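Listed in order, the protein sequences are those of chains L and R.
Each position in the first sequence, counted from 1, maps to that position plus 462 in our numbering.
Each position in the second sequence, counted from 1, maps to that position plus 3 in our numbering.
There could be a bad hint or two in this list.
[Said to hold, decoys possible] For each label pair, taking beta carbons as the anchor points, the in silico distance ranges come out as: (1) R620/L <-> D697/R: 42 to 52 Å; (2) E758/R <-> F675/L: 21 to 31 Å; (3) A581/L <-> D697/R: 26 to 36 Å; (4) R845/R <-> E542/L: 34 to 44 Å; (5) R620/L <-> G801/R: 31 to 41 Å; (6) W705/R <-> P585/L: 56 to 66 Å; (7) G801/R <-> W527/L: 48 to 58 Å; (8) N545/L <-> R201/R: 53 to 63 Å.
Quick caveat, the hints were computed from the structure, so don't treat them as lab data.
Just so we're clear, the structure is a prediction, and the values are computed from it rather than from any experiment.
The C-beta atom is built at its ideal place from N, Cα and C for all residues, glycine as well.
Listed here are the chains, written in short residue letters.
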Amino acid sequence: MNPTDTPRRSFVARELVALGSAFTDIGGFAAPLTCGAPADEEAARARRLGLCDASALARGGYKGWTARDWLREQGVGVPEQNNRASRHDSALVARLADTEALILGGLDGGCALLDDLGAAPPPGGCYPVPRADANAAFIISGSDAPAMLAKLCAVDLRPRSFPDLSVAQTSVARLNAIVLRADIADTVAFHCLFDSASALYLWHCLIDAMAEFDGRPVGLAALRQL
Amino acid sequence: MSARLPDPAGALIDRGRPIAFTFEGRDYPGYEGDTLASALWANEVRTLSRSFKYHRRRGVLTMAGQDANTLVQVGPSPNVPADRLALSPGLAASAVNTWGGVERDLWSVIGRLGRFLPAGFYYKSFFRPRWAWPLWEPVLRRVAGLGRVDTGAAHGDYDKQYMFADVAVIGAGPAGLAAADAAAAAGAEVVLIDENARLGGSLDYARVSGDVRARLVDAVAAQPAITVMTDTTCNGCFADNWLALIHGNRMIKLRAKAIVLASGSMEQPVVFRDNDLPGIMLGTAAQRLIRLYGVRPGRRAVVLCANGDGYGVALDLIEAGVTVACVADLRDAPGADARMEEVRARGVPLRPGATVREAVAGRDGTLSGALVAQVTGRGICAAPGERFECDLIAMSAGYMPTGALACHAGGRMVYDDTCHTFRVADAPHGMTLAGSVAGVHDLDAVVADGRAAGARAAGGDGGPAREPDDAGLNHPWPIFSHAGGHDFVDFDEDLQVKDIRDAVAEGYDHIELAKRFSTATMGPSQGRHSLLPTARLVAEATMGEVGATTARPPFAAETFGHLAGRAFEPVRRTAMHARHVEAGARMMPAGMWMRPAYYRPKHRREACIVEEVAAVRENVGLIDVSTLGGIEIRGPDAAEFMNRVYTFAYLKQPVGRGRYVLMTDRTGVIIDDGVACRFAEDHFYVTATTSGVDAVYRAMLWHNAQWRLAVDVTHVSAAYAAVNIAGPESRGVLAPLCADVDISAEAFPYMGVREGRVAGIPARLLRVGFVGELGFEIHVPAHAGEALWDALMEAGRGRGIRPFGVEAQRLLRLEKGHIIIGQDTDGLTHPLEADMAWAISRKKPYFVGKRAIALHEKVGLTRKMVGFEIGDAASLPEECHLVVRGAEITGRVTSAATSPTLGRVIGLAYVAPDQSEIGNTFTVKIAGGKLVEARVVKLPFYDPDGRRQEM
Chain L
463 MNPTDTPRRS FVARELVALG SAFTDIGGFA APLTCGAPAD EEAARARRLG
513 LCDASALARG GYKGWTARDW LREQGVGVPE QNNRASRHDS ALVARLADTE
563 ALILGGLDGG CALLDDLGAA PPPGGCYPVP RADANAAFII SGSDAPAMLA
613 KLCAVDLRPR SFPDLSVAQT SVARLNAIVL RADIADTVAF HCLFDSASAL
663 YLWHCLIDAM AEFDGRPVGL AALRQL
Chain R
4 MSARLPDPAG ALIDRGRPIA FTFEGRDYPG YEGDTLASAL WANEVRTLSR
54 SFKYHRRRGV LTMAGQDANT LVQVGPSPNV PADRLALSPG LAASAVNTWG
104 GVERDLWSVI GRLGRFLPAG FYYKSFFRPR WAWPLWEPVL RRVAGLGRVD
154 TGAAHGDYDK QYMFADVAVI GAGPAGLAAA DAAAAAGAEV VLIDENARLG
204 GSLDYARVSG DVRARLVDAV AAQPAITVMT DTTCNGCFAD NWLALIHGNR
254 MIKLRAKAIV LASGSMEQPV VFRDNDLPGI MLGTAAQRLI RLYGVRPGRR
304 AVVLCANGDG YGVALDLIEA GVTVACVADL RDAPGADARM EEVRARGVPL
354 RPGATVREAV AGRDGTLSGA LVAQVTGRGI CAAPGERFEC DLIAMSAGYM
404 PTGALACHAG GRMVYDDTCH TFRVADAPHG MTLAGSVAGV HDLDAVVADG
454 RAAGARAAGG DGGPAREPDD AGLNHPWPIF SHAGGHDFVD FDEDLQVKDI
504 RDAVAEGYDH IELAKRFSTA TMGPSQGRHS LLPTARLVAE ATMGEVGATT
554 ARPPFAAETF GHLAGRAFEP VRRTAMHARH VEAGARMMPA GMWMRPAYYR
604 PKHRREACIV EEVAAVRENV GLIDVSTLGG IEIRGPDAAE FMNRVYTFAY
654 LKQPVGRGRY VLMTDRTGVI IDDGVACRFA EDHFYVTATT SGVDAVYRAM
704 LWHNAQWRLA VDVTHVSAAY AAVNIAGPES RGVLAPLCAD VDISAEAFPY
754 MGVREGRVAG IPARLLRVGF VGELGFEIHV PAHAGEALWD ALMEAGRGRG
804 IRPFGVEAQR LLRLEKGHII IGQDTDGLTH PLEADMAWAI SRKKPYFVGK
854 RAIALHEKVG LTRKMVGFEI GDAASLPEEC HLVVRGAEIT GRVTSAATSP
904 TLGRVIGLAY VAPDQSEIGN TFTVKIAGGK LVEARVVKLP FYDPDGRRQE
954 M
């Protein structure tokens, strides 16, 4: 399928097409399954250094003075501290502030948690944040990811200093970004959320920074295989 | 002729890998592992450069990149130190700062004019008489400076990189190696940094017995927690242990929890007449040549020393086959030293209490002899001295700690009168000094000092630091000035003893002043060899204490590429960007965004814009307005919040309607405008200008931090892509795509807002009239922006829908007299002068700026914005052309254009209040000083009743 077959399209769709990506429809959004190589090969690459456009995956947030309490009442395990995340089945719940949480769906595409929360109208003081469109998302995986990101980001992202489920709200290549470490099996993986209009710019920065480590774009199939 | 020592001399060179290179146009052989300087010295090429001012011959001095006597040009790179430049196949280098080559430099004639060129001479010459300066300037530009920049050189990649460590150890000599090992053993993550290609520091070239080097290097190699970075220079130390490292093309920004500075110390030269001739070098330089590169430093040597290390140098020379003609020891009573006895036993003449008084040049301009004389007083020696033939003088007269990095971050160099050298005081918190940088020179003590420092830096208790043990290593006054001059204190700047004395005599009686007047210590070697003699001479001349100048980063030369790094310049693109490019749009930057200015090729710019305007006025056009700001205001106090931040009234704004918003600051000045859409009692979706929305968002958060209203403010500009489909045919194009929202005139009146699906995409629809035609702004989730664009272009194809850009939009809005914030308003414009009193609610108790606007009203207007027309179509003013009345400036034009719809020149301008009546004329001064008459007309110029936008 083609990205233009769906109404929702990634900001880096053309780059993915140029790589020879194969797409799949995730909720009306063309997502890259592979980026021009077989999934096995891309999985091996993803263990060293891979860049995946995760814009099609589910993404949402809630903020406001009653948000944290409401989420907990709905059974969502909001972490006890800011800048930490927790796993909720296949979803990730990151606490960005006392009054804001970010929810990321899993690699399969849907997010039952976001669907459930979306069905129940939140009370006054708790408001949904349109992160699916305000942000684009990339997943950077592999043992070389911290060294590569060290060229773009001043936070110490080495595994020893930035344990799994840590969150940094920081600057990557001069863009405001949320960096969330959520390992996939035993492969280090960073979810990066940032201004969707800057997606193409950041894609090129990352491709360039990855070259030193022979990193390449990979698709969702590779990450699912880890 | 070769000065290469036989195998196995030369720890760094690989005799199995010869390399051919070129210097000054001639070919020479060398080996891999050589530096350019070592290979040239091996080929007995001894003049490597010409000095800055007098163009004197210069050769190897430190063999470690600590001096600037061997700067060369390598292709496009100027000023590369030859004694650090690794030999590579095909290397072609030439000397800098010469006219005609280093051997026959025609500028050397300047050296003979030395008498007329004392320090600071350029402050007093070249500009009298005044007419002389333009004649001098090109000459000076030709003569001054070092090296040449090739502006056509290919670009390189200069990434920067962050790094983190528990302990950063700077210097991998014995102290640094021991410190790194101890810190890692204590559990720290260590980064060990050394500028050389391999670990070892002075252990690599000094006369050391035993296997200290091997033991220490092996220990470090066995520690996985130590990251070794060789070929890496630490160029700066900044607050909180932040270090700038230069490695190849990369600047690494290392943040360490603790630093061990084990940077060692630098041997110092002696000052005597002609002490800069090629062949005069430091004792350690001679040792480096022998041990690292297997090069004989000369054939016949005089060793000039003030400590026992000089005798070690003499022994190294003898073992390398150099005849040592004499050892002159500045000390009267040198004291017992096994090395001295061994030198004596080998039959070398010793001259205690003596110095080299003068060096003698041979026919080729390099060293051929030395006059050794008895020291009779401080800085005085007997004439004429004993003559020794030699082509090498090796100086071992003392050391200065390499403490610059400590001084970058607050440390100071303080002179120790008993040991006659500088000490580092007030090292920054978190930095520990170890080894000879702290005055510890005995090898066992150095290693112990390093271990203690490393353990301490890792958070443990390493035990006490070692006391300095360098008493007797430094001479209090190794400066022997000569009436004939050429007794160089600063090699980089060609400064002699009298230059320093003259600077003080001129009144620059402090080391910082004398430095700046004379430029001493300001050259590329940054005072590494000139600070000590300069400070001593200034102290003597002012009868004060020996002071020091401030050391600042960088420690060694770095390129602009290192500093600039990789350029990160974010660009924001809308979801429809590719469609604009495909349609032939000329894209223009709008802040960080790229927007289409107009569509089609450049040479038809005016015509394109006129056609786009016509398409909107008569048919239907489509413009991408995704860059507009968007903010969600939600919560029980949403309407109250809106009422306070904007000037208009919002409490009673009906759900399903839009309303203009105007924001002023506390001084009543207009900041931004937009449209507020009320989608629910407690929900406003407010638009803002592309460039103003970030400031609006910040202002809202700031205000509510004080007001604490029950409202949530969320910045959603990037979440929505948006278009404006405008023109009389726009409803006809849009209606078929709106399955669940009725967009007929009755169901969806002007200034209404609706939610529904357009082409199946969830959307917010706004009927707004910025361009003055029937039109709809459609806001959709950003990732669906391109699909929306495609659907509308497809739906409008039959009607000839046309995309239009920012240029056409600006013209269309001008025809309707709509202001653009930041173009028609400035930093002082308040609503009353911009004819926006209608947007101010008189009934609200409070909004930001209310009081100030009331004051403006009381005081009265000083200027007023009006719409104008100009009858003469050829007289189009530009923005900021002035409105003049006689000699007075009464205002300026803010927007002006030739309206294709109306067929005349229209615009907006500020004029004096008494010029603002409809029908009044005023004068505008346009390009070329031409005065044109403009007439005030009622706004809007086009469709004054607003019928077209309310269709």
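Verification of the hints:
1. Taking the beta carbon of each, R620/L and D697/R are about 33 Å apart, not inside 42 to 52 Å as hinted.
2. In this structure the supplied range 21 to 31 Å is violated for E758/R paired with F675/L, their Cβ-Cβ distance being about 47 Å.
3. Between A581/L and D697/R the C-beta distance comes to about 34 Å, which sits within the given range of 26 to 36 Å.
4. Distance hint check: the CB atoms of R845/R and E542/L are about 51 Å apart, inconsistent with the given range 34 to 44 Å.
5. A hinted range of 31 to 41 Å is violated for the C-beta pair R620/L and G801/R, which are about 60 Å apart.
6. At about 26 Å, the beta-carbon gap between W705/R and P585/L misses the expected band of 56 to 66 Å.
7. Range check, G801/R to W527/L: Cβ separation about 51 Å, and the 48 to 58 Å hint holds.
8. The given range of 53 to 63 Å is broken by N545/L and R201/R, whose C-beta atoms sit roughly 42 Å from each other.
In summary, the structure is inconsistent with hints 1, 2, 4, 5, 6, 8 from the numbered list given earlier, while agreeing with the others.
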